[in-house]
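Given the sequences, and given the hints that come with them, work out the whole structure.
The listed protein sequences correspond, in order, to chains A and B.
Using the working numbering, you'd call the opening residue of the first sequence number 170 and step up by one each time.
Using the working numbering, you'd call the opening residue of the second sequence number 170 and step up by one each time.
No lab work stands behind these hints, which were simulated from the structure alone.
All copies of an identical chain are treated as equivalent in the list; a pair is satisfied when it fits inside any one copy or across any two copies.
Restricting the straight-line Cα-Cα distance to at most 25 Å, the calculated cross-link-like pairs of lysine-lysine (DSS-like) are:
#: 1; residue 1: K216; residue 2: K392
#: 2; residue 1: K330; residue 2: K382
#: 3; residue 1: K392; residue 2: K330
#: 4; residue 1: K382; residue 2: K363
Protein chains: 2
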Amino acid sequence: MNAEIIGVGTELLLGQIADTNAQHISTALAEIGVDVHRHTAVGDNPKRMTLVIKEALARCDAVIITGGLGPTPDDITREGVAAALGLELRRDPELVALIRAIFKIRNRAMPESNLRQADLPAGARAIAPEGTAPGFTLDGPTGVIFALPGVPWEMKAMLEKAVLPELTVRSGAAAIVSRQILVLGLGESLTHEKIADLVDAQTNPTIAYLAGKGQVRVRVTAKAGSQANAAALIDPVEEAIRARLGPAAVPGDHDSLTTALPAMLLARAATVAAAESLTGGLIGVELTRGPGASEFFRGSLVCYSDEAKRDVAGVPQSVLDRSGAVSEQTAAALAEGAASRLGADLGVAATGVAGPGEQGGQPVGTVFVGACWGGRTVARRAFTYGDRDNIRALAVTAALDLGRRMIEGTA
Amino acid sequence: MNAEIIGVGTELLLGQIADTNAQHISTALAEIGVDVHRHTAVGDNPKRMTLVIKEALARCDAVIITGGLGPTPDDITREGVAAALGLELRRDPELVALIRAIFKIRNRAMPESNLRQADLPAGARAIAPEGTAPGFTLDGPTGVIFALPGVPWEMKAMLEKAVLPELTVRSGAAAIVSRQILVLGLGESLTHEKIADLVDAQTNPTIAYLAGKGQVRVRVTAKAGSQANAAALIDPVEEAIRARLGPAAVPGDHDSLTTALPAMLLARAATVAAAESLTGGLIGVELTRGPGASEFFRGSLVCYSDEAKRDVAGVPQSVLDRSGAVSEQTAAALAEGAASRLGADLGVAATGVAGPGEQGGQPVGTVFVGACWGGRTVARRAFTYGDRDNIRALAVTAALDLGRRMIEGTA
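Here it is in structure tokens:
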């Protein structure tokens, strides 16, 4: 079974919002084994919207539309679906009563225009509103259509209650299981080089890459009759990939170091602290993204000036004088200062030049990271490229990965 | 002139990432007066991708494609564009040399497969790579095509350098000028309440709202024959809006406090330091997003534990004992500690409960912010709601806004 997702709303085409609804629905459909073939976003324009719906219906088994179900004149998804299928709109008396009741309960006067929300293409069944906008579902000649509101929480609730159960039944879904292997320090092309023959040899499970911020995720996805059977298909492939990648592959199933490093710390009842300059606080932010960070995170010393590196993080003035603020030596001293001043087991640090201008004779992108763990300190140059944001993100990844390798004993 | 945007990548259809590229490009095109009629996302499937590109070309003047330009076998946008236009792929010798040079400079071995990135549809002109992936542009029989990498920072850089200038020329755009009024502490509906009649009375300039992270941007956009004439249309409307909003409106044309507060500091040759707990380093990150941060930013003390608040930021133990770590008093002491320990003119601080669990009897979302400036310290409770991410973002905004008001003398 395959599906397409259509987002309706001129605000999408003006870039005022991103189509996160399409992402959410796609994730949910992948989990029940429905293949999504296309996302489309179209504005509040009757002709173009009708065309988009008509085309999607001709191509796939299920079309899920979000947005355009409100009461204002620019909400025209009801009309668009009706026109695409050559149907009339009919006012649903039960919906009229429901909409009037909702306003009565809220003690608000109902503008008559709100009754437009009770109009449905002939043959459609209403999906009860979560806010005030009803959704609907309709069996077309070639596939099923679901129309949901664009407000994310209303859309999500209807998806759970009305769309996923229906599609699960219709698709007779087999189980789909995905597992990720997080790879650091190799980059996408080197990762691919090492496992290309495994990728080429596979059709089930399939293997895909996702790269960003210096991290590559190798995603292994299997389809089978049950979750257990799908997992059993993944196991040997995962093992083979990990054998090729060695210590570049992070143990466990992780999206990023943001979850991987905390898991390693928690497993050892260990704590971490950071000292950072060019990253401005990003190392601390990454380590505190998830809940429960106070269990393992002590703090971060963001030291933008030499004085702060000396007075706050305890970098010896002699190191700053001899090697400079952007150096292996300073990165090492920052990591040690963070661990000792904040009382943590692991200290991680980054210092460097984020740009756009050079700094103290060092070119943009020069970054050193450091880490100390169990009486050992290691510092090294990090590989970075791109603009200021990217250099900062790569510096964070390099610092956290050095911390990870220190704990694993592979640094 | 109208355009469509195509995002390529199975990861989009699996919901692993949202198509934020389409949003970014749409915003940029709206600013130069190009109408976007459709966004499409399609997977790494040759047949379906080719069809999507062919259809888009038939409908509009410009097609911008992102993604699928990497070196791995699933990167097939080059092939997709060539097939859609019935062209052959040719290996561009200059790009081959460039790709080899990039790897050489980085001192990395180049997998031969990377040379696929030098293949271009016949007649296409290369857009120089920002990372390692070149983009390209091609004049089709009905319109122009741009193919850009999917990695956001690479895409954004190429859009600025190669796409927008070209489309601006081709569209013969009349001048469009936008100016933003940043509003803090009111929220979108209160902001609207205060200026609704001004909004309703306008057609040129138009007035739109954009809200997020506790900040509302009122965007005033005018079209005219020249930049100067467009600006002249905006002036009186901006003045009227500012008169209504008072100190909630930040002076100048700013996207967010991330640029507004640094501008105020630089204008006074003043510096800032932060001390933060629940925000984990986000205040430092916000203040260092732009270039030149070392001119005004000293650092941030990220103190997740009580010990760190005391030892690193100098919060008196008596304050922690009497009022607790999440309190007005601690927020005030953190701001003062940041300013004194890091030697800054302005100190800002945030402490609170980001959730998901309560902390020390304080419910999720309890946040206090503090600031000190010119011998005066102020602390107050910040209004927050939503999930962990949102609470942290609102805490940052509240802390920076308190700093802004301290400098302006309106706190």
